[in-house]
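2 protein chains.
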Amino acid sequence: MLKYQQVANQIELYIEQHQLQQGTKLPVLESLMDEFSASKSTIIKALDLLEKKGLIFQVRGSGIFVRRKSRMGYINLLSNQGFKKDLEEFDITSEMLQLDVVKPTQEVADNLQIDYDQGVYYVKRIRYINGQTLCVEESYYDKSVVTYLNKQIVTESIFHYVTEGLGLNIGFSEMYIKTGKLTEEEANYLHLKQGDPKLVMESIFFLSNGKPFDFSKVTYNYEQSQFFLLGSGI
Amino acid sequence: MLKYQQVANQIELYIEQHQLQQGTKLPVLESLMDEFSASKSTIIKALDLLEKKGLIFQVRGSGIFVRRKSRMGYINLLSNQGFKKDLEEFDITSEMLQLDVVKPTQEVADNLQIDYDQGVYYVKRIRYINGQTLCVEESYYDKSVVTYLNKQIVTESIFHYVTEGLGLNIGFSEMYIKTGKLTEEEANYLHLKQGDPKLVMESIFFLSNGKPFDFSKVTYNYEQSQFFLLGSGI
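Read top to bottom, the protein sequences are chains A and G. Residue numbering for the first sequence follows my numbering, beginning at 52 and increasing consecutively. Residue numbering for the second sequence follows my numbering, beginning at 52 and increasing consecutively.
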C-alpha cells in the first residue's frame with residue numbers, strides 16, 4: 052500500500068471512530084502534513100482519494116469537510132471490492148453453479164478484447180443475502196490474465212484473489228445497467244416469477260494498464276437490490 | 052471556466068476530432084505543457100478531470116492513454132448535465148405536469164436538510180425520448196437556493212439555468228437506485244401496465260459548499276432506460 056493510501060485510510064478511520072458529522076471541517080493541509088509526517092503532494096493525493104470515495108468534500112478557499120454517510124444497506128456501484136464491504140451488516144454467501152474453461156462467444160471476446168480461440172474462465176454463481184437470493188452472476192475472465200481459479204476462490208472472493216493472490220492492479224471499470232422482465236430460467240434461480248422485474252448489470256473490469264480481464268452479467272432480485280452512487284461535480 | 056477546464060475541453064475535442072482509438076498514447080506531460088502554454092499543475096488537473104470523465108486512463112510510469120468510447124444510447128449516471136448530453140442523437144422533450152411552491156414532507160426536508168416551514172419548488176415532469184415515454188420525474192428545489200423557476204425553464208433545462216442563470220456551482224451528488232413494479236398512476240404516465248418493471252432513481256444534488264438544493268425521484272420506463280457508469284480504480 053502506498054503512503055497516500057495509508058494516510059487516506061487513517062483519515063477515514065478517524066472520521067468513523069469520532070463519528071464526525073456532515074459538514075465537520077477537517078484540519079488544514081499543513082496540520083495534516085505534520086500529523087502524518089507526509090509531503091504536501093501525498094496529503095493532496097490522500098484527500099483526492101477520500102473525495103472520490105465520497106467521504107469528504109473540498110471547498111476551494113474554504114477547507115475540507117466531512118460528507119454525510121450514505122444510507123445503509125445499499126450496494127456501492129463504484130466499489131471494486133464486491134458486495135461484502137457495503138453489506139457488512141448482512142450475511143452474504145455464494146453458491147457456485149459452474150466453473151469451466153470455455154471458448155468465448157463473440158460478445159465475450161469483444162468485451163474482453165481477445166480472439167475467439169483464447170480460453171476464458173466461465174463462472175456462474177448465485178449470491179444470497181440473509182438466506183434470500185440476491186443475484187445470479189455469469190462472469191468471464193481472460194485466462195491469460197486470471198491464470199487460475201478454483202471452487203474455493205470462486206465461492207469466496209475472486210476480486211480479493213485477483214488483487215492479493217495474483218498481485219494485479221485493477222485500474223477502472225465500465226458498467227451498463229438495464230431493467231427488464233425475468234426469463235423462466237432466471238426466475239427459477241432467484242425464486243421469483245417469470246415476468247417479474249429484473250435489474251441487469253453488465254460490468255467490464257480493466258487492469259491499470261488498460262487490459263480488460265473480467266466481463267460479468269449480473270441479474271438482480273428486484274426485491275433485494277438497492278444501489279447507491281456518489282458523484283463528484285463534473 | 053478555469054484554465055484547466057479549458058485545457059481539458061481542448062484535449063477532449065482533439066480526441067473526438069481525430070477519432071483516437073482505445074489505447075492510443077497521448078503526448079507526455081512536457082509536450083502538453085508546451086502545446087497549451089500551461090503549468091504542470093494545470094495539465095495534471097486537466098488530465099485528472101478527463102480521467103474522472105472516463106476519457107483517458109493514466110498508467111504510472113508508462114503514459115496517458117485514450118479510453119474506449121462507451122456504448123451509445125446509454126445515460127451516464129454520473130453526469131450532472133442531464134440527459135441531453137448523453138442522448139444527443141435522440142429527440143428528448145419534457146412535458147410539465149406541475150410547478151408549485153409547497154411545504155416539504157419529512158422525507159423532502161430530511162434530504163434537503165431544511166426545516167418543514169421552508170418553501171420548496173415542486174416540479175413534476177414527463178420526459179419523452181423519440182416520442183416514447185422515458186420517465187416521470189418529481190423534483191424538489193430548496194427555494195432559498197433556487198429562488199425562481201418558471202414553466203419555460205422547467206420545460207427546457209433546470210440544470211443549465213441553475214449553473215448559467217443563477218451562477219451556482221454544483222459540487223457533488225448522491226444517487227439511490229431501486230427496482231420494483233409500477234403503480235397504476237405511474238403506469239398511466241408511462242403508457243405501461245400496472246405491475247410492469249420500473250427503475251426508480253432518487254438523487255440529491257449539492258452545491259460545492261455542501262448545501263443540498265435538489266432532491267429528485269425519477270421513475271423510468273424499463274423499455275427505454277439504459278445507464279452506464281465509468282469507474283476508476285478505487
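It should be emphasised that the hints constitute simulated quantities derived from the structure, not laboratory data. Mixed in with the good hints, there may be bad ones.
If chains are identical, the list can't say which one is meant, so a pair holds when it fits in one copy or spans any two.
To be verified - Here are the computed lysine-lysine pairs in the DSS-like style, where the Cα-Cα straight-line distance is at most 25 Å: (1) K244 / K268; (2) K268 / K91; (3) K76 / K175; (4) K244 / K175; (5) K194 / K268; (6) K76 / K202.
Remember, predicted model here, so these are calculated numbers, not experimental data.
For each hint, the structure was consulted:
1. For the homomeric pair K244 and K268, the shortest alpha-carbon distance inside one copy (20 Å) is at most 25 Å, but the shortest distance between copies (27 Å) is not.
2. Taking identical chains as interchangeable, the C-alpha atoms of K268 and K91 are never at most 25 Å apart, the minima being 42 Å within one chain and 41 Å between chains.
3. Taking identical chains as interchangeable, the C-alpha atoms of K76 and K175 are never at most 25 Å apart, the minima being 46 Å within one chain and 36 Å between chains.
4. In this assembly of identical chains, the alpha carbons of K244 and K175 lie at most 25 Å apart only when taken from the same copy (21 Å versus 33 Å across copies).
5. When the C-alpha separation of K194 and K268 is checked against a cutoff of 25 Å, the pair qualifies only within one copy, where the shortest distance is 18 Å, while the shortest distance between copies is 42 Å.
6. Neither within a single protomer nor between protomers do K76 and K202 lie at most 25 Å apart by alpha-carbon distance, with minima of 47 Å and 39 Å respectively.
Hint violations for this structure: numbers 2, 3, 6, all remaining hints satisfied.
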